[in-house]
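J.: Residues per chain, in single letters:
Number of protein chains: 2
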Amino acid sequence: MTLALLVADPFAGTLALLALVWLAAKAGGELALRLRLPAVAGELAAGLALAALHRGFPGFPDVASSPGAMVLANLGVILLMFAVGLESTVGQMLQVGLASLRVAVVGVLLPMGAGLLGAWLMLPAGTPFVVDLFIGACLCATSIGISVQVLREQGAATSDEGRVIVGAAVIDDVLGLLVLVAVSGLAVAGASGGPLPWGQLGRTLGLALVFLSVALTLGRVATPHLFRLASRLRSEQLLLPTGLAFAFLLAWAGNLAGLAPIVGAYAAGLILEPASVATLEERESHSLEALLHPLVMVLAPVFFVLMGAQVDVGSLFSPRILLFSGLLALLGTFGKYLSGFAGGGRLRASVLGWGMVPRGEVGLIFVAVGSQIQVGGRPLLAPEVQAAVVGALLLTTVAGPVGLAAVLGRRTEP
Amino acid sequence: MTLALLVADPFAGTLALLALVWLAAKAGGELALRLRLPAVAGELAAGLALAALHRGFPGFPDVASSPGAMVLANLGVILLMFAVGLESTVGQMLQVGLASLRVAVVGVLLPMGAGLLGAWLMLPAGTPFVVDLFIGACLCATSIGISVQVLREQGAATSDEGRVIVGAAVIDDVLGLLVLVAVSGLAVAGASGGPLPWGQLGRTLGLALVFLSVALTLGRVATPHLFRLASRLRSEQLLLPTGLAFAFLLAWAGNLAGLAPIVGAYAAGLILEPASVATLEERESHSLEALLHPLVMVLAPVFFVLMGAQVDVGSLFSPRILLFSGLLALLGTFGKYLSGFAGGGRLRASVLGWGMVPRGEVGLIFVAVGSQIQVGGRPLLAPEVQAAVVGALLLTTVAGPVGLAAVLGRRTEP
Numbered sequence: 018m019t020l021a022l023l024v025a026d027p028f029a030g031t032l033a034l035l036a037l038v039w040l041a042a043k044a045g046g047e048l049a050l051r052l053r054l055p056a057v058a059g060e061l062a063a064g065l066a067l068a069a070l071h072r073g074f075p076g077f078p079d080v081a082s083s084p085g086a087m088v089l090a091n092l093g094v095i096l097l098m099f100a101v102g103l104e105s106t107v108g109q110m111l112q113v114g115l116a117s118l119r120v121a122v123v124g125v126l127l128p129m130g131a132g133l134l135g136a137w138l139m140l141p142a143g144t145p146f147v148v149d150l151f152i153g154a155c156l157c158a159t160s161i162g163i164s165v166q167v168l169r170e171q172g173a174a175t176s177d178e179g180r181v182i183v184g185a186a187v188i189d190d191v192l193g194l195l196v197l198v199a200v201s202g203l204a205v206a207g208a209s210g211g212p213l214p215w216g217q218l219g220r221t222l223g224l225a226l227v228f229l230s231v232a233l234t235l236g237r238v239a240t241p242h243l244f245r246l247a248s249r250l251r252s253e254q255l256l257l258p259t260g261l262a263f264a265f266l267l268a269w270a271g272n273l274a275g276l277a278p279i280v281g282a283y284a285a286g287l288i289l290e291p292a293s294v295a296t297l298e299e300r301e302s303h304s305l306e307a308l309l310h311p312l313v314m315v316l317a318p319v320f321f322v323l324m325g326a327q328v329d330v331g332s333l334f335s336p337r338i339l340l341f342s343g344l345l346a347l348l349g350t351f352g353k354y355l356s357g358f359a360g361g362g363r364l365r366a367s368v369l370g371w372g373m374v375p376r377g378e379v380g381l382i383f384v385a386v387g388s389q390i391q392v393g394g395r396p397l398l399a400p401e402v403q404a405a406v407v408g409a410l411l412l413t414t415v416a417g418p419v420g421l422a423a424v425l426g427r428r429t430e431p
Numbered sequence: 018m019t020l021a022l023l024v025a026d027p028f029a030g031t032l033a034l035l036a037l038v039w040l041a042a043k044a045g046g047e048l049a050l051r052l053r054l055p056a057v058a059g060e061l062a063a064g065l066a067l068a069a070l071h072r073g074f075p076g077f078p079d080v081a082s083s084p085g086a087m088v089l090a091n092l093g094v095i096l097l098m099f100a101v102g103l104e105s106t107v108g109q110m111l112q113v114g115l116a117s118l119r120v121a122v123v124g125v126l127l128p129m130g131a132g133l134l135g136a137w138l139m140l141p142a143g144t145p146f147v148v149d150l151f152i153g154a155c156l157c158a159t160s161i162g163i164s165v166q167v168l169r170e171q172g173a174a175t176s177d178e179g180r181v182i183v184g185a186a187v188i189d190d191v192l193g194l195l196v197l198v199a200v201s202g203l204a205v206a207g208a209s210g211g212p213l214p215w216g217q218l219g220r221t222l223g224l225a226l227v228f229l230s231v232a233l234t235l236g237r238v239a240t241p242h243l244f245r246l247a248s249r250l251r252s253e254q255l256l257l258p259t260g261l262a263f264a265f266l267l268a269w270a271g272n273l274a275g276l277a278p279i280v281g282a283y284a285a286g287l288i289l290e291p292a293s294v295a296t297l298e299e300r301e302s303h304s305l306e307a308l309l310h311p312l313v314m315v316l317a318p319v320f321f322v323l324m325g326a327q328v329d330v331g332s333l334f335s336p337r338i339l340l341f342s343g344l345l346a347l348l349g350t351f352g353k354y355l356s357g358f359a360g361g362g363r364l365r366a367s368v369l370g371w372g373m374v375p376r377g378e379v380g381l382i383f384v385a386v387g388s389q390i391q392v393g394g395r396p397l398l399a400p401e402v403q404a405a406v407v408g409a410l411l412l413t414t415v416a417g418p419v420g421l422a423a424v425l426g427r428r429t430e431p
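Heads up: the protein sequence lines correspond to chains S and C, in order.
According to the working numbering, the residues represented by the first sequence are 18 to 431, in order.
According to the working numbering, the residues represented by the second sequence are 18 to 431, in order.
The reader is advised that the hints may include incorrect statements.
[To be verified] A few chain C residues facing chain S, derived, Cβ under 10 Å:
1) 54
2) 110
3) 261
4) 310
Derived from the structure by calculation, the hints contain no laboratory data.
We put the CB at the ideal spot given by N, CA and C, even for glycine.
The following block holds chain S by itself, in its conformation from the complex (with noise of 0.2 Å):
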């Protein structure tokens, strides 16, 4: 009879799966801390060697394809985003500013540029240059959670280097969404002839600039009437779930507008100043940065080793892919670095550098773009160069947290 299956839970086999998670990120987490490297790179290798189980052991559960797991992963990356938000005013960040759009365009243009001249280089000679040109779009916009992950880890979330890194990636969010649209356009506009997309470009622009000025502005306004209003309720326990609300709605309008809902996420935090939630605070006798805490404690480290497990390690295994990932990764990594020395001023520039070189979901998306655009019956991206980005890619966001650690540590220890 059916019995057995009704009573089981089908939600018992995703808390086993979670709790797995858990342990493996703290297991990965130690190993890598004793190997004197960030604890965010154990996670991602924690999720590696699950991928690895799962892909040996039929019987063993396969994390990277659990939607309970993923929804919790993709909290995590929203939460430690509007916590890094928290932790820095409009103000703070608006000095910054010119810093950030600096490195942010350097750091868009000399990967490309790289990646350009390393497709240019490995790939047979004939090769469309559109193609070369979108592999380089491919490594132009860095992935923000593990570098923002590995600044808390040193304490360094709030240094001026931490502040242009995260300015960095919200410029580079923008940037990216132009590069993919003008470089997809171009793509499709040589297969068809037809002329370049520029009335899209200027609305893709538009609507994150709109995005991003309503929110600093008319947001910064309304916030303080909202918390307000919420300060005048009886209820208890209001203060986390109203933040959570206020920063949900964001990155789900920043979306709207074409940006990643983290980068919604993280405006919400930098908008919402500490005057605004001091009575609600006050009554609740905790800050909203001490109630969000144990949720990024549990919730971001899913995201971590669910990243790591959604590689498939086995599509590297072909010595000529192995080679070509390894040179972009490479000059993508230089490319990143040399942007740090756009900062100027007394900010280290192999900090700024270091921490824009992760890559990851906005890359994916450049991937997933160029397999779909048909040049000639064939995809834009063969599938071995698709191969080849993703393998860059991965070794970019390896690569990332153990640099930033390592110059970082540089300075605290004597």
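With the hints as your guide, set chain C onto chain S.
T.: Just chain C now, kept in the frame of chain S:
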């Protein structure tokens, strides 16, 4: 082109929906408080309202069917029960064990008898006795999440009555499992002429008892060692992830033994004595309960709102079904209320009784089983009977917290 789709993060919709759930929960809770009702009743009502809005305006998001919100809701009730378990020790629960056992046994038998009587009165003559019995069985199991929330709101979770209620609900879960095996076995045996499933009954009881005894004895001996091991690691932020991994593994193991995952999570909280985690708590300068608190604060309302949103109010619109529902709810509430007098001693019978009134998931499992057992080519429970029983469960779910808050408030006010 597909660019907009690729940039649109599917998780952004989940974020907006979660924001809606929290805002609705707080609005409903506030309204309930101003009506002198428990906040959790307002959260249930907020869920009902969101579901009604979705039915009325098809463009309005469907909270009840969001996989992301569902994951957080399921986590919410697990964490709530883990937190409640942490507030008591195994010793304290054993002290109230006999009172809990009496309340649980009487609270299963009386509502079953009362429900059987109601079904016998309302259903047409000639309905097989096993149908009446099955309807009675649907009313036997308490859904503890709601009562626990009311007890916490009123600061009575660690009162003797609070402990007896939670203890009785755990025993209830075992008894409910046995009733389900027995009554559905009886129905199948009656339909097929086969013998009663004595073997299966014995195995079910044995498995549940083995899990609970092993958890409460061996688990209690082993946990100090496990957490001492964790405290030898150099990593930071070990306490909460390790504690959650422990709770989730016990919830999963309990479900393998046929128990609801919340029973395992509660057992995990009981087993974890303060001394086991003292080293980690000191190192992280937060107690496990303090770290767990924000998680429960954020996730438990998602559970209550989704519980309300899953009710299909439309199915109750037939007057005959509504009458049958009301009668069953009345009889079921009365049966559980009387069970409070089985507690004995100085325990307040009305608090115990009202605490046992809410029914939920387990009753719905009974209905699902009853709809799948075929007797003479037709389901044991006809569709309108199913609707009536579900309606009765819903009514007790709303009546329970209101009654419990009323009798608890009676003491605190002069």
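J.: What are the numbers of the hints that this structure violates, sorted from low to high?
T.: 1 and 2
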